[in-house]
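Protein sequences, first through last, are from chains S and H.
Here the numbering used here is used: the first residue of the first sequence is 1, the next is one more, and so on.
Here the numbering used here is used: the first residue of the second sequence is 1, the next is one more, and so on.
Don't read these hints as lab results, they were simulated from the structure.
Ideal placement from N, C-alpha and C gives every residue a C-beta, glycine not left out.
One thing to keep in mind: the hints can contain errors.
[As the list claims (entries may be wrong)] Sample of chain H residues with no beta-carbon within 12 Å of chain S, all distances over it, derived:
| hint | residue |
| --- | --- |
| 1 | P109 |
| 2 | L116 |
| 3 | G155 |
| 4 | V170 |
[To be verified] Derived coverage of chain S by chain H (criterion: at least 3 residues anywhere in the stretch with Cβ under 8 Å from a Cβ of chain H; other residues may be distant):
| hint | segment |
| --- | --- |
| 5 | 97–106 |
| 6 | 158–168 |
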Amino acid sequence: MSWGAERVVVRFGATTALDGVSLAVTPGRVHAVVGGDGSGKSTLLRLLAGVLREDGGTVRRPPPHRIGFVSAGGGVVPDLTVAENVEFVAHAHRLSGWRDRAGDLLQRSGLAAFGDRLAGHLSGGQHRKLAGTMALLPGPELLILDEVTTGLDPDSRLEIGRLVAGAAASGTAVVTATAYLDEAERAEEVLLLHDGRVLAAGSPRSIIAAVPGCIDDLDAPDDPDRAWRRGRRWRQWRPAGDRRSGGAMTLEDAAIVSELAAGGGAR
Amino acid sequence: MRRDRRTLALMFGVPIIMLTMFGYAARFDVKKIPTAVVGPVPAGGAGLGPGFDIVARRPAGDVATARRLLRDSRADVALVTGPDRTDVLVDGVELFSAQSALRRLATLPRARVEVLYNPSLSTAVVMVPSIIGFILLFVGLFITSLGVVREREQGTFEQFAVMPLRPLDVIVGKIAPYFAVAALNMVLAVVAGVVLFDVPFRGSVVLLAAFGLAFLFAVQGFGVLVSTASRSQGEAVQLAILIILPQIMVSGMIFPIRAMPTVLRWIGAVMPLTYFNIGMRSVLLKAAPLAALWFPLVMLVGLAAVVFVVSVLLFRRELA
């Protein structure tokens, strides 16, 4: 069974947040949703989770109790301890024999030693890992993560990445919105959104391959409208260039070029 | 500032509400004191001045009849006429009516004046039962609305939406603890009133509990309504102030309802605090029975039911 959205439209008053967006979600695969601020990432995820309703198109999703959702806010109760938060989820889902699984998930997320700590006293990374653990505890068919790694240190991002990969390996369909394109590059499927529309979709390799022209790695750009910084150097898109003459292209390059081509401007 | 319409409304709305209500409601002098005349009226009339408004006549009644009329708040002053002298009973719970009546009665010949329920005309005895309502409204409204808004800000409601929980489970789970805390608050406030301020507890505990229960439902309803209409805790505070202020002004808590213009009396008539005040004062100080308090109790239950049901339906729509 696969889940997803088919040509969905979501409006907030006069603003169209999603305009004809489609995403097919396959079990056992990680799907990354990327795009700039206001591109519609969170709206798409909330739609898939069922906390928003579509104004057009169709959404296929498992029943609510088979969805694990970590919202941008986290959804953790700060006045409960780590153990109590996990227990609350177990009771809400009427899980039996959940303690071993909870212990395993807390171990993998590095929270096993913090069971008695109030969730409100956790660090940002621990907070997100707890939210992920709570979402994974009932063994969801569809796991939806809204920018859970934003602002976290590399170790925490790595631990969350392991949790996500473990869930996908056990057959869970994962949809994750992320601000980090290196994370998205490790996903099987990527959906690039811009102003509520799909700019590119497919595997990271196919998205990179679909970018026309080439990317030059320069000390100084000669076409500032098509150039962006990376460290001390500049990346510059040459639409008519030969791919073989440019440097290696990353998903980040492909995403920026796609936005440039869509009229999003240089960075 | 012009984009923050709610703050703007608060900046101008609160002064307008306060000026209007203080201007019209802030009357301590009761010009017409509702008075009952019990016993045969002498040929020359009861001898009362123009400040007394005869609202009940009981030609065949006696002192017990007069006491009942005051206990049931049918009048603030009862005149019991007799062949030799006139007994005047004054309801000490209606503080400003009583003070006004005592000034006017000083000129009445052969009258024996007795102040009932609050003989020393103590302000604390009258105010403390009302303050209990204010405390419940203030604390209950703020803790419920801020608590619910905070949870929404933290994203827990979105989390609940993907859990196998019915909206009713969430509503009961969220409101019940606040309700329990508010109920405990009420018990503590009543005990403090009795122990610290010598407020007498003369009436029925069950009747007091009935008024308290209905009022707490109304307060919780207001709290949920405020949270439903607020996107942040700051907005919830602003809206809560707008709900609390008018209730304090026109509920009879500070200013006597009898001294207010008709419009404000009508506004007060749809405020739960008005009926809770009547219930608290009548049960605690006058030992009024249900037969005398059925109307304020029915009104309070009705208002509480409307506020609570509307708030729960809106909250449910948000969770569904």
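Tested hints:
1. Non-interface call for H/P109 relative to chain S: holds, since the shortest CB-CB distance, roughly 69 Å, exceeds 12 Å.
2. Distance check on H/L116: its Cβ is at least 49 Å (rounded) from any Cβ of chain S, clearing the 12 Å threshold; non-interface status holds.
3. Distance check on H/G155: its Cβ comes as close as 3 Å (rounded) to a Cβ of chain S, failing to clear the 12 Å threshold; non-interface status is violated.
4. A beta-carbon of chain S is positioned within 12 Å of the beta-carbon of H/V170; the least distance is around 10 Å.
5. By the rule of at least three residues with a Cβ nearer than 8 Å to a Cβ of chain H, the coverage given for the segment 97–106 of chain S is violated, with 0 such residues.
6. Chain H is given as covering the segment 158–168 of chain S, and this is violated because 0 residues of the stretch bring a CB closer than 8 Å to a CB of that chain, at least three being needed.
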